[in-house]
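K.L.:
What follows is the residue order along each chain.
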Amino acid sequence: MLRWWLLALATLVLVAIAGFAALAWQPSLPPAALPVTAFDPSLVARGRDLALIGNCNTCHTQEGGKAYAGGKPIPTPFGTIHATNVTPDPETGIGQWSLTAFVRSMREGVDREGNHLYPAFPYDHYARVTDEDLAALYAFLMTRRAVRHEAPPPDLPFPLNQRPLLAGWKLLFLKAGSYRPDPARSVEWNRGAYLAEGLGHCGACHTPRNRLGAEIASEHYNGGEAENWWGPPLNASSPASVPWTEASLFNYLRDWDPKHGGAVGPMAPVSHNLSQVGESEVRAMATYLTALMGPPSGERLGRTEAIAARPDAAPDPRLAAGERIYAGACATCHASGGQVPYTVNSLAYHTTLFGPDPRNVIQAVLRGIRPPEGAAGAIMPGYAEMLTDGQVADLLDYLRARFSDAPPWTDLERKVREVREDIPPTSGSLGGAQVESTPDLRRGG
Amino acid sequence: MTACTSQDVSRRNLLKAGGALFLSFSLMRPYDLLAQGVESAAGPVKVPGLPGDLAKEPMLDAWIRIAAEGGITVFTGKAELGQGIKTALIQVAAEQLDVDPSLIRLVTADTHGTPNEGFTAGSHSMQESGTAIMHAAAQVREILIGLAAARLGLPADGLRTGEGAVLAGETRLPYGALVSGHELHVQAQPHSRLKDPSTHRVIGRDLPRVDIPAKLMGAAAYVHDLRLPGMLHARIVRPPSDAARLIALEAGAVERMPGAVRVVRDGLFLAVVAEREFQAVVAGRALAAGARWNNPTTLPPQPEIFAHLEALRADEHVILDRQESAGPGVRTLEAAYRRHYQLHGSIGPSCAVAWLQDGTMTVWTHSQGVYPLRAALAEMLGMPPEQVRCIHTEGAGCYGHNGADDVAADAALVARALPGRPIRVQWMREDEHLWEPYGPAMLTRMRAALDAEGRIVDWAYTVRSNTHLTRPPGAGQLLPARHLAQPFPPPEPKPIPQPEGGGDRNAIPLYALPRARVVHHFVPEMPLRVSALRSLGAYMNVFSIESFLDELAAAANTDPVAFRLKHMEDRRAREVIMTAAERFGWPGDRQREGRGSGFAFARYKNLGAYAAIACEVEVERETGRVRLVRAVAAVDAGQVVSPDGIRNQIEGGILQSASWTLYEQATFAENQITSRDWSTYPILRFASVPERVEVHLVERPGEPFLGTGEAAQGPTAAALANAVAYAVGIRLREVPFTQTRVKAALGV
Amino acid sequence: MIRISVNGYEHTVDADPATPLLYVLRDHLALNGAKFGCGLGQCGACTVLVDGKAAFSCLTPISVLPGRRITTLEGLGTPEEPGQVQKAFIAEQAAQCGYCIPGMIMRAHALLQARPDPSEAEIRAAMDPQLCRCGTHMRILAAIRRAAREGAVPSYVGTIEGTRP
Ligand code: FES
Ligand code: FES
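Residue numbers (our numbering), protein chains in the order written: chain A, 1 to 445; chain B, 1 to 748; chain C, 1 to 165.
One or more hints might be untrue.
As the list claims (entries may be wrong) - Here are the simulated lysine-lysine pairs, DSBU-like style, with alpha carbons at most 35 Å apart:
#1 B:LYS494 to B:LYS56
#2 A:LYS72 to B:LYS743
#3 B:LYS743 to A:LYS259
#4 A:LYS72 to A:LYS175
#5 A:LYS415 to A:LYS259
#6 A:LYS72 to A:LYS415
Stated by the list, open to error - Going by beta-carbon spacing under 8 Å, a handful of chain A positions derived as facing chain C:
#7 ILE325
#8 GLY328
#9 VAL340
#10 MET380
Hints in this document: simulated from the structure, not taken from any laboratory. None of the values given here were measured: they were computed from a predicted structure. For glycine and all other residues, C-beta sits at the position ideal for the given N, C-alpha and C.
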């Protein structure tokens, strides 16, 4: 259905582009060959921090591949595109890109040869970045090891594979001009806003998108999604169990916070990157985002502790199956009162149990959580092989009732199945058939 | 339900010995023996000059017994720790006795059944027990030939042996028919007529490990698998740290939980006993939740641990002071190296079963030393040692002094409170991570001078370390004994003297160094509880020395392998170095981006096996990740009994040392350890396992056995550091090489 | 009382339904194959098959198991007749202390059932949840490759044959 709708709209846009053909056409810029030694090491160092804040490595590095050499498949609602090679390899990377070409790509989403780039590359955010920072980022990327690696072409259906169409998209959604500080706000707030709105591109996952995949400006930070995970709202409607403070958001963004836990899913690499950035930058981002969420209402303060203190025993017999699963599969760690590393006092501290969208809990339960190879970090086993869809749904029903005050999620078993279908086969479940649950365990009667 | 012990099961494929002929005690299964009451072995008389541990236990029948129907039982005071010692000892005995290995039944460490061979540690098993059994078997064979000669009225030198019998032409006299009384109850002789190594048929051949099938088929192979009639399960609730004090305890509700039998409390020692294991786990959690502790700050901040160790009082031991004539140094290099605390980290947490019955405490334990443990338990329990029996039963991999003795003490304390019921205690993962004694943090400093020819002329080295030995026999070395209402304080730690050494193990290089001074700074005060971790100080000393040797080689503009050979006179050392280099194809591919090769050598303790290791690494600049790509080792272990056994040990050592070196450090905050599980103490996983590991053995038939179990630990660490230096030009001097450290060293 | 099927036998277990399978296997059914390593889903020592897929028995409550088929190490073979993966591990002498090996065998078995001819990268990725402290990894990998060469592994999740007390 969505496909058809998109197709129709795309055709519409196709008609429209006749009017702005001039914008659709972009010149190829002459190749440049800059000696690597031309960069000031302090500029490179600054670029390194900016690249980490921009999360560049996450998209531009393929699993098991060389850093920044591209090739990673980026799933979008429209199809899969592949991140490009941004190492200075002259043939397959950006080795022949001048600073001008680089700046144009970041601000206007056009590559050196003049092709429009898909907005999965968040140039709608990068357009906010200053010239100096772009120069630093350029210096950093141009001093990486050149890797010869051709990224596969995007895998998109017609007409979405027609790049000139993107000119229409840009006309509608790309706002030119770098970040303009708000003089009414503190320097730190402004720094945070600049980073979060620009390189940090937080909105890409935390703002809802329209049918054309553009962030809806009027719903800034109202909650979005990424890779089938839910990106919680970062504005006043934040459902966070414990209201965020600057300190706890700072902890979370860099590592782990005792009141909120740590980042998982697509947010995990973001936090891993931010843990390597100067503290003041992360603090500024925390300041800005906390301010967006505003002061919490009095009734939210202390709510979590009250929920956490409730008994585990389920009063509703329909929740008993889930309670038993919690007791046998989850309680060892999650009822340890924070004794087991990387667990918070109670699951009641997890925002995701309070939100409208259950996908993050489903994702975490099915996939589990793993730290980067050889590094310390939370380990949670994936329960994909241990629990059936119905059992995961039972568990989530219980968790929602026990550890939050939000209304029950609906249609859980289907949502579990959808997330499960999305999980690439891993150990033990490679190609294996989905197991039927026995009748007595089937949900809904 | 029948009782079943590891000894039975793992010997499934071996012929069972029947009734013994001339025994001072029964050879039956420990459980049956226990049921009939126990006798104690007579105390051994020390006889110097006998080979291996025959000096500690000179009577031949303490080592080898032959039953009437021909079953042969061999006794060792050493324990199977997953190193394959059972198989190797059976091979040695079978070779010298001329019997098929499948006819030999091996009994391992048991205070009421085997010789007292102290600890199974320090790669000594083959040197001590293997040598003793080899000579005892050869002497038993001579006795058997003598008995046959007397019976047949033929001269002994005309008789041969084979297939468990003495052969005289067509006549075949099975061993079982030759012994009828106390013929083997004689003292060993200093010299034996050993088989000519060129005629070996069992030694040097790969015999499948006898303990593996049971382990892979789900038989009861470990102490964890022991199930005794009426057995109860216990879990221990420990204080948050050694300095913590109990303020309040709510235990009443715990005793009313399903299956709960008892809460045992003695001072700070808290345990809960239940009918079923999971009931004990749940009750243990409830008891922990009901305990409130006062936990003062006692630990130095982790980032300052090395400064802290430097500031502590140290005893100085000069262990080498050589002043030979040599030319002047023209170039001096200095460096300092660090190693963080590291864990043994067995996959299976420590476990023991104890049973107080009719005044005797029997403990099934995976301790490395059943006799020392018995002494410690006897002292802690206030019982005469004869009434404490410790039976070695396998645990998960050991790698040194881990929680085995402590959990045995836990079980004994609970068993004392519930006489008549066997008590099984298994530590939870956090018990193991938080309470096992760690491998100590260490610091070394190095200074050396090169002459104009690029030869080392001056060498000065100091190593600063806590003890590496806090094992029993003292009750104060048992963790729970310190927490009792009447605590046993830990004894004053002492260094292990040279030539073996503890923190200074392998601190003296094997290289030819005309002027050299090596000093051990022994630090008695222990910020964290520490003890022996596989290879002890050798890991750090070899890492330091062999890293520094590469730094010197670079300064002398010489290839690292050539530089080592230039300073090495020991013929066997030279051969392993050259073998490893050749098999690796040293120096390897120099062209590939981010890849590099490294080399290192050591002779373990300067007394054990020689090992040279070359490896190739890949360093990812952007992440700081170091990956071991391949490793090639050459090893000279003297006479090789089980080639595959040695390869297995060396392969395992390389991978374990790579894990220590790349990832591992225990972490702690002001008043407690924070490495509580595998999420806070990451180790090697399959994603980082090298592509290839090769082990080449340099054969030395007829030479003494040289221990190999720990030979790879040090060289692997240094080879990795040297390979990283080669690959990306940075010198890593702090173990482990975490991604953060590597990235910091690499810069942007 | 909960009924579970282990290695083709039905058992009625008198235990709290929240009890993790591992404790029921070891303590109630006296099966040694599954080992306690961490109880936290971090090491894989407790791995068994549930409906043919590798599962951490230390965190699988028995309440989710009625109607599903559990296979443990004991279900793959006996000392007299080891299973295909067990044979391969013996042939490669792929054990030091051996404590981790039962879990390795179970996960390898699940892998080979789903992917009879896995690539080296697939084997390593599949085995990543399993820890070995002795450093037996090279031999474990060799044993899995060897088992794969021997052809398809049997499924062992066939019909429930009978009951054993
Ligand atoms: S014991 Fe289950 S994963 Fe470690
Ligand atoms: S063989 Fe000992 S843990 Fe793997």
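K.L.:
Taking each numbered hint in turn, which are not upheld by the structure, reported in ascending numerical order?
P.N.:
Of the numbered hints given earlier, the structure breaks none, since each of them holds.
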